[in-house]
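Peer 1: Sequence:
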Amino acid sequence: MQLHNTLSGRKEDFAPLNPERVTMYVCGPTVYSFAHIGNARPAVVFDVLARVLRRRYPRVDYTRNITDIDDKINAAAAKEGVAIKVITERYTDIYHEDLDALGVARPTYEPKVTEHLAHIISMVERLIANGSAYAAEGHVLFNVTSYAGYGELSKRDRREMIAGARVEVAPYKKDPGDFVLWKPSTPDQPGWESPWGRGRPGWHIECSAMAEALLGDTIDIHGGGHDLVFPHHENERAQSTAAHDGKTFARYWLHNGFLTMDSEKMSKSVGNVLLIREILKAAPGEAVRLALLTGHYRQPLDWNDEALADARRKLDRLYGALRDAGDVAASDAKAPDAFIAALEDDINTPAALAELFELARALNKASDAAEKATLVAQIKDAGALLGLLQQNPGEWFSQSSGTASEGPSETEIEAALAARIAAKTAKDYKEADRIRDDLKARGVLVEDSKDGQRWRRL
RNA sequence: GGCUCGAUGGCAGAGUGGUGAUGCAGGGGACUGCAAAUCCCCGUACGUCGGUUCAAUUCCGGCUCGAGCCUCCA
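Just so you know, the numbering used here puts 230 at position 195 of the first sequence, and the rest follows in order with no gaps.
I should point out that these hints are in silico values taken from the structure, not numbers from a laboratory.
Backbone N, C-alpha and C fix where the C-beta goes; we use that ideal spot for every residue, glycine too.
Be aware that one or more of the hints could be misleading.
[Said to hold, decoys possible] In silico DSSO-like cross-links for lysine-lysine, where the CA-CA straight-line distance does not exceed 27 Å:
no., residue 1, residue 2
1, Lys-300, Lys-107
2, Lys-459, Lys-316
3, Lys-218, Lys-208
[Unchecked claim] Label-pair restraints from in silico Cβ distances:
no., residue 1, residue 2, range
4, Glu-430, Asp-468, 55 to 61 Å
5, Glu-430, Arg-233, 52 to 58 Å
6, Arg-161, Arg-233, 37 to 43 Å
The whole structure should be built from the sequences, with the hints applied where relevant.
Peer 2: See below:
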């Protein structure tokens, strides 16, 4: 298996430190608002990676955190006049619902910052003790000059970074690049007791502490969105390496490319965010998931209505092949080698999907029952690795296009179909076609097959 | 301004130093009462200018355009 490592800038052979326990950490959401479709990309991509790894390794410990201490959360809570827990629990639930709809399996561990304060504090103490960090005016800062490898991950020169920095440098910093590990809270802000007074952790230390607590000093894979490379992952790397006597923190750094809207980054300031739940009103979650896997994970992906419609049509084809195979009992065949090879080549989902379509064509052409059984099993097993094609074809074709869409009920459809078959038997094709056109106008496509009429929602 | 990554047919999107993945759309045919679905056939795509090479879309360099980071951000 090969994975592209941001640190080296190239694809590398993947070999876990301990094949009996593969460890993976992915930065999860800050729960202060609804998740948008851009947030869904890493969740889906790394979900696929976890599935692929689990096929090969007996145990994959996948940790994806929930950031439930953050100034944006504080702002949201203050605005509503509620405790931060009200905000964080609400949006954690919503995040779970949204990802469930996209078929994203829960990670092995889903730690919250509020559950790891003791660990964070102990890590900060260790960093101060070994000279990597210092306390100043109620803050604790990590001294970037103490870590020679600073800038290696994001390929930045520290001096250039300082020169180009647009932020004002706080007077208590020893070096302009130093970043906060702990900061003081005012009495009206959420805070926790610490050796440096009542305060709260900085953004970067939480991931280092939780990764250490759940996965150990050295982890195999660290993932996240490309925007996290700097400063978040650069800082995590510095902290963890410094806290562990120079031991490697993450062996493979994986970063997914951005999702754009009309070729522009999705962001609240631009006003072009598209929430996952808004999309789900008009499209099945499975189609959203496939749309996210259409391009390679490291490439930028432009989101638009056509991409989503395209994904639906692809699923129509795939489910259509499974449906037309009828009731053949699937054999125990597994996904073919070419499909696995594509996914094990740095998660090349477009190439894997191409293999899946080849299987579908073969299934459509197959006439032998044993051959069909093998192909059905292969398609389902391959689909499972992508988190797709696990429903019955009948469910796929009869489901409405989203949580908000409407259309004639199944009872109505069945009644219309009965009338149409009667018209057809009487060779009244004009009436039969009228019924078909009428249903089509209402979003239901009727098809005649060798097994009689069948329908699907458009 | 500095850094990183891209530019493939009507659209989306892999890949490769020398036989044009895959899906959608489009054209032709088979099948069908007609459709739909399915199957078969059909496209001289690799931003631009140079270089290396017997041969470049694929390697190297310039240019143009695009995305991202340098500030919270998936």
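Peer 1: Run every hint past the structure and note whether it holds.
Peer 2: Evaluation of the provided hints:
Taken as a hint, the Lys-300 and Lys-107 pair is honoured in the structure, with Cα atoms around 20 Å apart against an allowance of 27 Å. Annotation: proposed proximity of Lys-459 to Lys-316 is violated, straight-line Cα distance about 36 Å (limit 27 Å). With a C-alpha separation of about 13 Å, the suggested pairing of Lys-218 with Lys-208 holds against the 27 Å cut-off. In this structure the hint that Glu-430 and Asp-468 lie 55 to 61 Å apart at CB is violated, the actual value being about 28 Å.
The hinted range of 52 to 58 Å is satisfied by Glu-430 and Arg-233, whose Cβ atoms lie roughly 54 Å apart. Distance hint check: the CB atoms of Arg-161 and Arg-233 are about 21 Å apart, inconsistent with the given range 37 to 43 Å.
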